[in-house]
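Trainee: Below are the chains, spelled out letter by letter.
There are 2 protein chains.
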Amino acid sequence: MLDLHPKYLIFLGGAESADSAKTGRGIAHWRPELCVGEHRLSPDAATVGLASMSVDAAVAAGAKTMIVALTGIGGKLHPSWTPTLVAALEAGLDLAAGLHHKLKDQAELVAAAARAGRHLIDVRVPPEGIEVGSGRKRSGKRVLTVGTDCALGKKYTALALHKAMTDKGVNASFRATGQTGIMISGAGVPMDSVVVDFASGAAEMLSPDNDADHWDVIEGQGSLFHPGFAAVSLGLLHGSQPDVMVLCHEAGRKTINRYPDHPIPDLKTCIRLTTDMARLTNPNARVAAISLHTGKLDEAAARAALAAASAEAGLPAFDPIRDGGAGLADAVLAAEARS
Amino acid sequence: MLDLHPKYLIFLGGAESADSAKTGRGIAHWRPELCVGEHRLSPDAATVGLASMSVDAAVAAGAKTMIVALTGIGGKLHPSWTPTLVAALEAGLDLAAGLHHKLKDQAELVAAAARAGRHLIDVRVPPEGIEVGSGRKRSGKRVLTVGTDCALGKKYTALALHKAMTDKGVNASFRATGQTGIMISGAGVPMDSVVVDFASGAAEMLSPDNDADHWDVIEGQGSLFHPGFAAVSLGLLHGSQPDVMVLCHEAGRKTINRYPDHPIPDLKTCIRLTTDMARLTNPNARVAAISLHTGKLDEAAARAALAAASAEAGLPAFDPIRDGGAGLADAVLAAEARS
Chain A
1 MLDLHPKYLI FLGGAESADS AKTGRGIAHW RPELCVGEHR LSPDAATVGL
51 ASMSVDAAVA AGAKTMIVAL TGIGGKLHPS WTPTLVAALE AGLDLAAGLH
101 HKLKDQAELV AAAARAGRHL IDVRVPPEGI EVGSGRKRSG KRVLTVGTDC
151 ALGKKYTALA LHKAMTDKGV NASFRATGQT GIMISGAGVP MDSVVVDFAS
201 GAAEMLSPDN DADHWDVIEG QGSLFHPGFA AVSLGLLHGS QPDVMVLCHE
251 AGRKTINRYP DHPIPDLKTC IRLTTDMARL TNPNARVAAI SLHTGKLDEA
301 AARAALAAAS AEAGLPAFDP IRDGGAGLAD AVLAAEARS
Chain B
1 MLDLHPKYLI FLGGAESADS AKTGRGIAHW RPELCVGEHR LSPDAATVGL
51 ASMSVDAAVA AGAKTMIVAL TGIGGKLHPS WTPTLVAALE AGLDLAAGLH
101 HKLKDQAELV AAAARAGRHL IDVRVPPEGI EVGSGRKRSG KRVLTVGTDC
151 ALGKKYTALA LHKAMTDKGV NASFRATGQT GIMISGAGVP MDSVVVDFAS
201 GAAEMLSPDN DADHWDVIEG QGSLFHPGFA AVSLGLLHGS QPDVMVLCHE
251 AGRKTINRYP DHPIPDLKTC IRLTTDMARL TNPNARVAAI SLHTGKLDEA
301 AARAALAAAS AEAGLPAFDP IRDGGAGLAD AVLAAEARS
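Protein sequence lines correspond, in order, to chains A and B.
According to our numbering, the residues represented by the first sequence are 1 to 339, in order.
According to our numbering, the residues represented by the second sequence are 1 to 339, in order.
Just so you know, these hints were derived from the structure itself, not from any lab.
By construction, the Cβ of each residue, glycine as well, lies at the ideal position given by its N, Cα and C atoms.
Some clues are possibly wrong.
[Stated by the list, open to error] The calculated BS3-like cross-link candidates involving lysine-lysine, where the alpha carbons are at most 27 Å apart (straight line), are:
id, chain 1, residue 1, chain 2, residue 2
1, B, K76, A, K102
2, A, K76, B, K102
3, A, K137, B, K254
4, A, K76, A, K104
5, A, K104, B, K268
6, B, K268, B, K296
7, A, K102, B, K296
[As the list claims (entries may be wrong)] One-sided excerpt, in silico: chain A residues whose CB lies under 10 Å from chain B:
id, residue
8, Q221
9, H226
10, A231
11, L280
12, L297
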């Protein structure tokens, strides 16, 4: 478990896009009661909808920890953030982050934390003792969210699916694999920071043997169709040995985000290749449904996009942000029951 | 470049199988002129065919470096080796190794090296400054060896192919991705020790832009069909953006080595899935030939196995250990010319 003390001040730096603020948005959405506000370095930066707040005002409002809640490609700490991070430590806040660049590797932050008697909490540190993946079949049931790309709802889908399954009385656990999910749930394995030889082994640790009727709802990472991040997706897929997968996509997205020369394959192709690769460690693996991000569309256009995705994929399609996770949960349970 | 001083004493510990001695075998085969002998902890241990030699005899014969030339699953340093490693340092040898466990992380070895004024050389350390893979198309031509499993000739095939292409006057570079290849060639990127988010980016660094007629001959790692190591294979495949691939297989091998519950798919399936995944970063990628390890067969059985593999795959099949790399080189160049 992480030693994260609420309440949180959500630090958004100069986040230039909603995508780069997704860690903050996730915490604000799933744990609003733990957040006092957000702090941005520029009025143009993306917001996550919390009250805008100075470090001192956040301390007065009861904040104990400032969470560096940005994602950048490659997960770097930006040097322009340092004065604010030092000021937060000096004002009495712990600092937590989940970037590849560790807080504890920054001499200025280490010195400021020591002066102020505060803690630096790096979320993206893999557990000790990861072994090479064994491929051994484990007990219990598993559902993994997979994506046609990054940043289109794999974490949200898993959280909504977990909530809906729990609401239906299913014995289920959310298994976090990224910085935001880990901050939300207080546990997990940061898959993208594991050494590649141990990627599937790390995923095996995340969902150990369990009761026959227990479901692990595993947060996906990356995409098999992403030129930078397919390796983490494949290691997670093989180690998760999912019985059921939900394929996440965004309506209208034609190319990989930030990779305009890389088209996303059609849904049928994504389903076929994902299933082919998944069957290495679970011969019964199948995609049960499409989770379609329709946030850029109005209601009528969203319904049309869901119908089109369902027809294209030959599977039910849902938008859990718009409609909650109940439909997805039914599709997952029905797919497993057919096996 | 590595700071490895010949001549080498090849340390084989108690290597229980020829597979676990493959680093030693590779160095002894491709750089025999740099080796004085081998040192084993047990007469039952695998040999690489060099003269058996004590540490002191090796020093007298001109050895400057003892190479820990074993591979274990997970790449661990075995505690039973420590007395011999310390004795080698005290006798005046540097120590080099390419396991996941670093020599420089072993306090006893660090202390002994300091006392003796010798060096500890960890080959399996990724370069600084690796970025997330960009997917950008690079100039020059690339051939990658891929495998149906581990330990069946991807490195040997790449080295033999590189030699044959060079013999034909082709402008070609061998690109090492594992400890043995790096020790043989003195350069490379240890793919399996890279953090998984940067796997394809590391592979992109390994074969940068080059002359239009230049070939990078890239050593493959793992297998897309291995429950533990598929992630590294996919990152290397995407980052290498190969024009041509050679699929390596061992005649008669039906299941993944050490994973008896995991059958190897048939050659056609392996070719189809490898090609499907490769086309994400190179739409012209294709498998040109089969490299078949026939070392366990007599000549007649080997010829029959090569004919059967060729018929099954619909591609030419060669055993470079038996016949050299010329046939493979012709197949690779012909496949590229057809594009």
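Trainee: Given the hinted pair K76/B and K102/A, is their alpha-carbon gap at most 27 Å?
Mentor: This hinted pair holds, its Cα atoms lying about 26 Å apart.
Trainee: Measure nothing beyond the straight line between the CA atoms of K137/A and K254/B; if it is 27 Å or shorter, mark the hint as holding.
Mentor: Distance ~19 Å between K137/A and K254/B Cα, so the pair holds.
Trainee: Within 27 Å, alpha carbon to alpha carbon, are K76/A and K104/A?
Mentor: 13 Å, holds
Trainee: Against chain B, run the beta carbon of Q221/A and see if the smallest gap drops under 10 Å.
Mentor: Cβ of Q221/A sits 9 Å from chain B, so the hint holds.
Trainee: Please verify that hint: L297/A, Cβ, nearest Cβ of chain B, below 10 Å or not.
Mentor: For L297/A, the interface hint is violated, since the closest Cβ of chain B sits about 28 Å away, which is over 10 Å.
Trainee: Verify the proposed pairing of K102/A with K296/B, using a straight-line Cα cut of 27 Å.
Mentor: 49 Å, violated
Trainee: Against the 27 Å threshold, does the CA-CA distance of K268/B and K296/B hold or violate the hint?
Mentor: 23 Å, holds
Trainee: With chain B as the partner, please determine if L280/A meets the hint condition of a C-beta pair closer than 10 Å.
Mentor: 6 Å, holds
Trainee: Hinted pair, alpha-carbon criterion (27 Å max): K104/A, K268/B. Please report holds or violated.
Mentor: The hint is violated at about 49 Å.
Trainee: Verify the interface restraint on H226/A: the C-beta must sit less than 10 Å from at least one C-beta of chain B.
Mentor: Hint holds; H226/A Cβ to chain B Cβ min 8 Å, cut 10 Å.
Trainee: If you draw a straight line from the CA of K76/A to the CA of K102/B, is it 27 Å or shorter?
Mentor: 26 Å, holds
Trainee: Next item in the hint list is A231/A. Is there a CB on chain B closer than 10 Å to its CB?
Mentor: 3 Å, holds
The structure does not agree with the numbered hints 5, 7 and 12 stated previously, though it agrees with the rest.
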